[in-house]
Amino acid sequence: MTPLLEIRDLHAEIAGGRKIINGMNLTINPGEVHAIMGPNGAGKSTLSYVLSGKPGYEITGGEVIFRGVNLQELSPDERAAQGLFLCFQYPLEIPGVSNMAFLHTAANSQRKKRGEPELTSPELVRKVRELGKQLGIDTDMLKRPVNVGFSGGEKKRNETLQMMLLEPYLSILDEADSGLDIDALKVVSNGVNAMRSPERSMLVITHYQRLLDYIVPDVVHVFAAGRIVHTGGKELALELEATGYAQYQNEAA
Amino acid sequence: MAADVRLMKTAAELALADAFAAVKSTLPGDAAVAAQRTAAFETFASVGLPHRRVESWRYTDLRALLREAPPLASAAGPEALARSLAACPMLAGMEARRIYVVNGAFVSDISDLANLEPGVSISSLATALGAADPLVAHLGQTVASSDAALALNTAFMGDGVVIALAEGATLSRPLHLVFVTTEATATAAYTRSLLVMGKGASAQVIESHEGPAGAAYQVNTALEVVVGEGASLERVKITAEGNDALHISTLLARVADGAKLANANFTLGGAIIRNQLLVQLAGEGIDASLSGVSLLAGKQHSDTLLAVEHIAPNCQSREQFRTVVDDTARDIFQGRISVRQSAQKTDARMMSRALLLSDTAESDNKPELEIFADDVQCGHGCTTGSLDQQLKFYMMSRGIPEKEAEALLIQAFVGEVIDAIGHEGVRAALTDATRNWLIERK
Ligand SMILES: Nc1ncnc2c1ncn2[C@@H]1O[C@H](COP(=O)(O)OP(=O)(O)OP(=O)(O)O)[C@@H](O)[C@H]1O
Ligand SMILES: [Mg+2]
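So the sequence lines, in the order shown, correspond to chains A and B. Position 144 of the first sequence, counted from 1, bears residue number 235 in our numbering, the numbering being contiguous throughout. Position 375 of the second sequence, counted from 1, bears residue number 581 in our numbering, the numbering being contiguous throughout.
Extracted from the complex, chain A is given alone in its bound form:
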């Protein structure tokens, strides 16, 4: 099987010279859900930014191959069109840009880049409303500016809606559970699970086993000091809950 994502000996730093990713290796096959757990400040969010191409995050060694393409050669919007999606740990507010217009522009920009037919407004509105219903996002929120005045949980639902509309091959969920109440956690997890398919994969970054009860991973990695230091099955998450990261941090050092 050709891997969906292959990270080979990746080194990356944040502009200003701080090295955060330190010789990381990871292979994700189509259809797999991988969880990444690790201490605060280990570089998990940084990894997600490096993968999605955030300016100021520089790859200094190794490579990342996504669906056969070297990601370093693509701009963030090209990566998105290629099927990469980052569910932000802290989604941003965009004053003055309505949610619906934003979704429309995003969906059609991607389709255009891939040479697919663009969605008409009614098609898009129908799709978005359907997804909104599943995720408990009402019409009013769809008209409002992106994330402006949304609660933390609403922002996460909105991220999930974007993901479900854009149907990426690889979704990176950075603490999708933070700030969610129990009901919202179920709603978001159901959305994510609905996307699971033999060709779609997920990289789930979380601190808590709880999320993994809902989004059950195939593989769990421990990430410390900028690389994966241990890998196991879904039971590893439970172990970590009991033991913490101390042993792995020593391993990383």
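Be careful, since some hints might not be right.
[Unchecked claim] Pairs of lysine-lysine residues, derived as DSBU-like cross-links and limited to a Cα-Cα distance of at most 30 Å, are as follows:
(1) Lys246(A) - Lys598(B)
(2) Lys505(B) - Lys234(A)
(3) Lys598(B) - Lys609(B)
(4) Lys609(B) - Lys246(A)
(5) Lys224(A) - Lys234(A)
(6) Lys598(B) - Lys204(A)
(7) Lys234(A) - Lys598(B)
(8) Lys110(A) - Lys598(B)
(9) Lys598(B) - Lys224(A)
(10) Lys234(A) - Lys204(A)
(11) Lys609(B) - Lys203(A)
(12) Lys598(B) - Lys505(B)
(13) Lys203(A) - Lys598(B)
(14) Lys609(B) - Lys204(A)
(15) Lys246(A) - Lys145(A)
(16) Lys145(A) - Lys609(B)
(17) Lys277(A) - Lys325(A)
(18) Lys204(A) - Lys224(A)
(19) Lys218(A) - Lys609(B)
(20) Lys145(A) - Lys598(B)
(21) Lys218(A) - Lys598(B)
The set of hints was computed from the structure by calculation and includes no laboratory data.
Go by the hints and put chain B with the ligands onto chain A.
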């Protein structure tokens, strides 16, 4: 006169004096108007062209910028008039009564003057001055100003549009005053218009200004407005002059009890653009909104001077200005809200924000409050910044290309002002014009 001439320094000032001497006897109006012109020219001559040391002009040194005083524009021929009909394409689809002022002259032949609404009159300033129409008594009487550029306008005013709405009169469709310069050579046009609204009258007025690219023409235009008791005026001014043009515009508005005034300036064309907005809230319970959007690129220089005076109690004013500055363009905003001691319970809020799209773009922002009443709510603020890189990345991570992400952010930035415009057609047209400006930017 001799003493005045001695004070003149630049070639342009001397040429203006010669031009005034040459044309003053041919300009319309009776002896009183002639005296008004002479007095205005003397005001101008005593101070000359505004320069850096004149506070209200400190960022736009007209004395240095205005090298020549080109000849007055002459009447357009039939072919140029036909072309003028296609002016202001951005509003082409909008239902409006269109009045044309071409090369500084009101052109009744191509203007839509039929079936005026009851209580509404529209005529040319030249005709009104020639016939000593009582309306012309308002000229120079709405808001007092000693501004030198306005004085020049008063001295040279040749034509313009005089509009009166009687008590309770309402325009059934917007009035579009289409100002066009057609000559490819350097000319000067001084137009003065007047809008007098009686008690409870209501109107939407759009003013557009444009002319050919590559011609160093000069436009000095002014509009005096009397908004009567309980009357309602929405005015939108679109400045889309040619890329070498100098455009100076003055709005003088006096507003009475319980009236509503909403004025929006939309500026995108011209080499040097100066918009002066002098507004007097003379009655109680007025609701006033003064706003503006400028989209500047290349070497454009746009300067907005705003002076709102709260004179009577219980008035609200909102001042909202947004500028987008690219390349080496420069935007200036000087805004002053004065609240007299008599204007208790004033509620005034001014905000001006500039978005710089390049390292060489420039913005000067000078908001000011001058408050003599103690029971008021007033605030002002200004910001200058560049596009938010975090937001841009967020949008790009959803597949939106960089330029498109920038365009969405810029549209959102100016949208705050455009979306507040009452007329839906104008709102849509300005939104489209912004989008087109952004497309051309690429
Ligand atoms: N823009 C930045 N400039 C400098 N240092 C940064 C920047 N962003 C992150 N860092 C640092 O990089 C390290 C990794 O941060 P990152 O946010 O990737 O950690 P994380 O694993 O996601 O942590 P958490 O679990 O708390 O979300 C931290 O030490 C952080 O302080
Ligand atoms: Mg993080």
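Here is how each hint holds up against the structure:
| no. | hint | in the structure |
| --- | --- | --- |
| 1 | Lys246(A) - Lys598(B) | holds (18 Å) |
| 2 | Lys505(B) - Lys234(A) | violated (38 Å) |
| 3 | Lys598(B) - Lys609(B) | holds (9 Å) |
| 4 | Lys609(B) - Lys246(A) | holds (25 Å) |
| 5 | Lys224(A) - Lys234(A) | holds (14 Å) |
| 6 | Lys598(B) - Lys204(A) | holds (18 Å) |
| 7 | Lys234(A) - Lys598(B) | holds (20 Å) |
| 8 | Lys110(A) - Lys598(B) | holds (24 Å) |
| 9 | Lys598(B) - Lys224(A) | holds (28 Å) |
| 10 | Lys234(A) - Lys204(A) | holds (26 Å) |
| 11 | Lys609(B) - Lys203(A) | holds (15 Å) |
| 12 | Lys598(B) - Lys505(B) | holds (26 Å) |
| 13 | Lys203(A) - Lys598(B) | holds (19 Å) |
| 14 | Lys609(B) - Lys204(A) | holds (14 Å) |
| 15 | Lys246(A) - Lys145(A) | holds (20 Å) |
| 16 | Lys145(A) - Lys609(B) | holds (16 Å) |
| 17 | Lys277(A) - Lys325(A) | holds (19 Å) |
| 18 | Lys204(A) - Lys224(A) | holds (29 Å) |
| 19 | Lys218(A) - Lys609(B) | holds (26 Å) |
| 20 | Lys145(A) - Lys598(B) | holds (10 Å) |
| 21 | Lys218(A) - Lys598(B) | holds (25 Å) |
When each numbered hint is compared with the structure, a violation occurs for hint 2 only.
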